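Protein chains: 2
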Amino acid sequence: MEDLSKPSFEVILTPALIPLYDLKGKTAIIIDILRATSSMCVAFEYGVRNIIPVSHVEDAIIHRKSGLKAAAERDGQKVDGFDFGNSPFDFMIDDLNGQSLVMTTTNGTKAIHLSSKAEKMYIGSFLNLQAVADKIITENKPVVAICSGWKDRFNLEDALFAGALASQVSHVFDLNDDSTIAAIALWNTAQSNLEAFMKNASHAQRFERLGIDRDIQFCLQQSIYPFVPEVANGMIKIDAETGNNI
Amino acid sequence: MEDLSKPSFEVILTPALIPLYDLKGKTAIIIDILRATSSMCVAFEYGVRNIIPVSHVEDAIIHRKSGLKAAAERDGQKVDGFDFGNSPFDFMIDDLNGQSLVMTTTNGTKAIHLSSKAEKMYIGSFLNLQAVADKIITENKPVVAICSGWKDRFNLEDALFAGALASQVSHVFDLNDDSTIAAIALWNTAQSNLEAFMKNASHAQRFERLGIDRDIQFCLQQSIYPFVPEVANGMIKIDAETGNNI
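Chains A and G, in that order, give the protein sequences.
Using the working numbering, you'd call the opening residue of the first sequence number 69 and step up by one each time.
Using the working numbering, you'd call the opening residue of the second sequence number 69 and step up by one each time.
Bound-form chain A, shown alone (with noise of 0.2 Å):
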């Protein structure tokens, strides 16, 4: 039964259907597994100082040639002319510490332009699971998982963290919402063998023939990371207090 004691916990399964939802005054957790947001948290492991999410790459292109280091992706490739794509293991290099880097890719950073009007927005992946759980438990406001998909279709990673991240903050939360429901009954077929699971994932099949299985099970590592990047201001960063940037 709906708990209005309890604050709302609601998963958005694509973002094609984000305008049907009112996030004013919630928080957003912007998902892309494969693989923006576990990269942006890699990057902010590697000492990055900010990142600047762009729609187009004609904008991230503008802001390279200012000087910044630059990401690009399309279709799962790093666009030519750019430093770095969206692999995780693009940005495990000491280059990255104390600067800001412009990230544009196919999904993800579209997820973050369409959710402004939520209150906050922080990225979630499966590498900082648990300090997403607990920055929402301690902040007690209502939550709306957002799920880059692909092309504004469903994908299973997606909706798989989100259910995982439900099942952090059941006690907390209210999960009365049927795509809650729903990904939480995901992530319990799914969790106790994640990896096997995914390979059923036709979008971890089509990023096998890319030749990209290492990066798929590296984002699958659970709660390594213990910050949240937080996106305000059209700027993503971490809370240096909290973040273990090295």
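Don't take each hint at face value.
The list treats identical chains as one, so a pair stands whether inside a single copy or across any two.
Stated by the list, open to error - Below are the SDA-like pairs computed for lysine to any residue, each with C-alpha atoms no more than 20 Å apart in a straight line:
#, residue 1, residue 2
1, 137, 302
2, 133, 285
3, 146, 261
4, 267, 256
5, 219, 88
6, 137, 163
7, 219, 244
8, 219, 84
9, 137, 167
10, 74, 120
11, 219, 86
12, 219, 87
13, 146, 75
14, 267, 238
15, 305, 207
16, 219, 89
17, 74, 257
18, 188, 120
19, 267, 307
20, 137, 292
21, 185, 163
22, 267, 72
23, 137, 235
Quick caveat, the hints were computed from the structure, so don't treat them as lab data.
Note that this is a predicted model, so its numbers are computed, not measured.
Since chain A is already given, all that's left is putting chain G on it; use the hints.
The following block gives chain G in isolation, referenced to the frame of chain A:
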């Protein structure tokens, strides 16, 4: 792995996602478990000759003035001045035998109209689950299971049916589609106690408030009707040979 020797089976989780899919050459299964497609099946069981699905209440009024029986539901309730709402029990009457019936509902008739590019369109519900499964296995053509949802949002019961149908035909179809994998996981979680699982659904809770628990119980019965209503030329009919009109 994708198996190109088998026809594809895809699930569209809400009508808002229909434009992202190419329906050409595919068989669409229209799903609105609570309650449009369930009630359509009941109407055929009780002898309705054909159903004319219309998107707008105004169109239903025009048909009704020309002498047809008409059913209209909005927000889960019968529209004033109409013969029927969309409770399955509304259609369990002898009066309908041999009659045409006009029907407009919040979600189901909308999904029908958005799916017009499909090669064929069938009406699916738990009530005729096995008949739908048998039909698409025999025809061996690509299938898209279209969940009507609730006002363009995802709902559990339609996704559950899509998962049930996918499970029934898994030996014949290629189920390499993220939405289908998720629907099957949901079905596997819920099938042993479908009614209890549905009690969790916001949609079912809303209906409970409207006093239609027995509708839900009725609509979750599996494979009690042997026919598959087909939408063609703006009209829904069953094949007199396979149907069991009384």
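Hints, verified against the model:
In this assembly of identical chains, the alpha carbons of residue 137 and residue 302 lie at most 20 Å apart only when taken from the same copy (17 Å versus 56 Å across copies). Taking the shortest Cα distances, residue 133 and residue 285 never come within 20 Å of each other, neither inside one copy (34 Å) nor across copies (63 Å). Taking CA atoms no more than 20 Å apart as the test, residue 146 paired with residue 261 passes in neither setting, with 29 Å inside one copy and 47 Å between copies. Both within a single protomer and between protomers do residue 267 and residue 256 lie at most 20 Å apart by alpha-carbon distance, with minima of 16 Å and 19 Å respectively.
With identical chains, the CA atoms of residue 219 and residue 88 are at most 20 Å apart both within one copy (17 Å) and between copies (9 Å). For a Cα distance limit of 20 Å, the shortest separation of residue 137 from residue 163 inside one copy, 10 Å, qualifies, whereas the shortest one across copies, 73 Å, does not. In this assembly of identical chains, residue 219 and residue 244 lie within 20 Å of each other by CA distance solely across copies; the values are 17 Å between and 27 Å within a copy. Proximity of residue 219 to residue 84 under the C-alpha cut-off of 20 Å is found in both arrangements, the shortest distances being 9 Å within a copy and 14 Å between copies.
When the C-alpha separation of residue 137 and residue 167 is checked against a cutoff of 20 Å, the pair qualifies only within one copy, where the shortest distance is 8 Å, while the shortest distance between copies is 70 Å. In the homo-oligomer, the alpha carbons of residue 74 and residue 120 never lie at most 20 Å apart, since the shortest distance is 34 Å inside one protomer and 44 Å across protomers. In this assembly of identical chains, residue 219 and residue 86 lie within 20 Å of each other by CA distance both inside one copy and across copies; the values are 13 Å within and 13 Å between. Within a single copy, residue 219 and residue 87 get their C-alpha atoms as close as 16 Å, and across copies as close as 12 Å, so both meet the 20 Å cut-off.
In this assembly of identical chains, the alpha carbons of residue 146 and residue 75 never lie at most 20 Å apart, being 39 Å within a copy and 33 Å across copies at closest. For a Cα distance limit of 20 Å, the shortest separation of residue 267 from residue 238 across copies, 17 Å, qualifies, whereas the shortest one inside one copy, 27 Å, does not. Taking the shortest alpha-carbon separations for residue 305 and residue 207, only the intra-copy value of 18 Å comes in at or below 20 Å, while the best inter-copy value is 54 Å. Taking the shortest Cα distances, residue 219 and residue 89 sit within 20 Å of each other both inside one copy (19 Å) and across copies (11 Å).
In this assembly of identical chains, residue 74 and residue 257 lie within 20 Å of each other by CA distance neither inside one copy nor across copies; the values are 26 Å within and 26 Å between. In the homo-oligomer, the alpha carbons of residue 188 and residue 120 lie at most 20 Å apart inside one protomer (16 Å), although the nearest pairing across protomers, at 47 Å, exceeds that limit. For the homomeric pair residue 267 and residue 307, neither the shortest alpha-carbon distance inside one copy (35 Å) nor that between copies (41 Å) is at most 20 Å. When the C-alpha separation of residue 137 and residue 292 is checked against a cutoff of 20 Å, the pair qualifies neither within a copy, at 25 Å, nor between copies, at 63 Å.
Within a single copy, residue 185 and residue 163 get their C-alpha atoms no closer than 34 Å, and across copies no closer than 52 Å, so neither meets the 20 Å cut-off. In the homo-oligomer, the alpha carbons of residue 267 and residue 72 lie at most 20 Å apart only across protomers (17 Å), although the nearest pairing inside one protomer, at 39 Å, exceeds that limit. Proximity of residue 137 and residue 235 under a CA criterion of 20 Å is satisfied in neither setting, with 37 Å inside one chain copy and 48 Å between copies.
In the structure shown, a violation is registered for the earlier hints numbered 2, 3, 10, 13, 17, 19, 20, 21, 23, in ascending order.
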